[in-house]
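If you want the building blocks of each chain, they are given just below.
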Amino acid sequence: MNWQRILLSISLIFTIIPLTACVETDDSNITPERIISLAPSNTEILFALNLGDSVVGVTEYCDYPPEARQKTKIGGFSTVDIEKVIELDPDMVLATGIHRDTVVPQLREKGIKVLIIDPQTLDEVLSDIALVAVQTDRFEESNMLVSDMENRIKALTSKISSTSEKPSVFYVTWHDPIYTVGKGTLTNELIEKAGGTNIFADSEGHLQINLETVVTRNPEIILASAGHGAAEESPVIWAQTDERLRGIDARLNDKIYQIDADLVTRAGPRAVDGLELIAKLIHPELFVE
Amino acid sequence: MSVDTTESSRHRISNIRLTQPQHWRSRLYSMLGLTILLAGVTVFACSLGSANVPFVTVWQMLISKLPFVDIDGDWSTNTEIIILETRLPRIILAGIVGASLGVAGATYQGLFRNPLADPYLIGVSHGALLGAAIGFLLPINWQGLAGDMLIPLLAFVGATITVTIVYLIARTGKSLPVTTLILAGVALGAFLSSITSYLIITSESEKLHSIISWMLGHFSLSSWDEVLIVLPCMVIGTLIIWIYARPLNVMQLDEEQAQQLGINVEKVKIILLAAATLVTAAAVAFCGTIGFVGIIIPHAVRLIWGADYRFLLPFSTLTGAIFLILADTLARTVMTPEEIPVGIITAFVGAPFFLYLLHQRKRGTFF
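Heads up: the sequence lines are chains Z and A, in that order.
Its first residue numbered 1, the first sequence is counted upward by one per residue in our numbering.
Its first residue numbered 1, the second sequence is counted upward by one per residue in our numbering.
Okay, chain Z solo, but in the shape it has when bound (with noise of 0.2 Å):
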């Protein structure tokens, strides 16, 4: 009879630690009012929330929209400033996958509460988005916002459904080396929901590339991405003018487009408008009016 006994507190505790592992955050109820963000998404999806006058602290990078900028900065995105976020006195902190094993347990540790959302697709963007939603007591906002982006991309894919054409797709994220994205990227899958073909989908990550595959795969779009600074026109300037590129279908019937970073990589509500960005891009014909 004892080990039925031991056989089932094992499957008790196999029970109870996915469970406990899901809950990440603790038991108070009470709404935030002092939230600080550690990614640029993040602070979109507070933002599109309307949670924008509660966040009291961003990070460096935190650009969007324009009246993040003024917030308190609490350090960049992996070099967070703890004693600036404790000194800021959160009643909530929204954090990303990279930092659950780093500035979390510390700020656990001083009775923080932290949420951590680490979308890597459109449909986690959704759900992430009710998820704070949820602990931010922001239902109506959070409604709202979630069906106006499903009906975006609804409306997007029954579009690019009337095509059978899926042009192939190079997107430069970097040009010296160059790197670019494959499958399990954010940008990787707003490329094929928009009715391309990312060329360099059968490999994982952000990945470095040497420039002969490039010309042998022979994109026929050329995505550039734009980040910021001065140097943010580099990487459309290099696929516009490197000699190598001249053989190539994107290059000889020119369509290598600038595209802003921010709304391809940043999994937040802006998203939508990269995929519709891109969509457009690749489909021009299905968007003449």
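These aren't lab readings, by the way, just hints derived from the structure by calculation.
As a list, the in silico DSBU-like pairs of lysine-lysine whose alpha-carbon atoms are at most 35 Å apart: (1) A:207 x Z:183; (2) A:207 x Z:193; (3) Z:166 x A:207; (4) Z:113 x Z:183; (5) A:207 x Z:71; (6) Z:113 x Z:71; (7) Z:84 x A:207; (8) Z:73 x A:207; (9) Z:255 x A:207; (10) A:207 x Z:280.
Going by beta-carbon spacing under 7 Å, a handful of chain Z positions derived as facing chain A: (11) 174; (12) 176; (13) 177; (14) 207; (15) 209; (16) 210; (17) 211; (18) 212; (19) 213; (20) 244; (21) 247.
From the three backbone atoms N, C-alpha and C, an ideal C-beta is built for every residue, glycine too.
Once you have looked at the hints, place chain A on chain Z.
Just chain A now, with coordinates in the frame of chain Z:
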């Protein structure tokens, strides 16, 4: 201690004298063999890559570019761009850089009479890295040739300024004690890399890619423009170094003895230092700080062909070129279409090979 040194140097000099006539011819054959091997490796590397171009097509294409040869190829423009404008310049640049690091490493080891010396010992790499990091962080677009040359220029300037400062600090009166030179180089290097580290941690993430890739060394955007700039620096520097092979041999005994034998030791030191810095700085400027080549190649050559600098220097040049071409070929093909920074390959493949050589030649001291 002093008895010990003279004894070992006597042993060394007798060794050189005794072995010379016997091995003179075989070493010349080896050099010829290495030159042929270098050409073979270049063509071999040219036919490997993520794009599947048949070996025959590569050969036809290369031969068709020789003067007075007329071959009509049926390859596409893109195939020609891949072979002649992407792979070939990259392979040749890797060869030039490997040769530079090999010969500079041998020179530094000889100058400092220190087996741990490598081309980066007295601050070339730290200066170059700081220069490059400043370049990457400048708020400028990389536009056209002027933009492409900005980083290499800053890296080159950073490297040469650093070595000059180290030289000025270490010089006492008319002499240049090598130990002071090394210490000054290490200290200044540490100072510069603290500035670089600060710049790196405060920089934007997309520029981080460039800086870190540069630190590990890569050839991913090599073109003929770069080859045309690095090649003259390498040829001039290497020739100067080769000319001073005999004085370098004598200086291995003892600087004082070399002086007594009629060698202007201080002048030789400055010339060799300048030449080795020129080739290293030019190599580093375009492809970043590729590690391990400069330290392992001269040792490997020494283990195989002996310590006579008249052979050690040219052998290190050729072997360095062959080694780095092979390493870069691995870097761009092993995980295709992904690239691995070549610096990882040089250490990962080079270190075990070097340990194997050491094991084969357990002779106590080989330096």
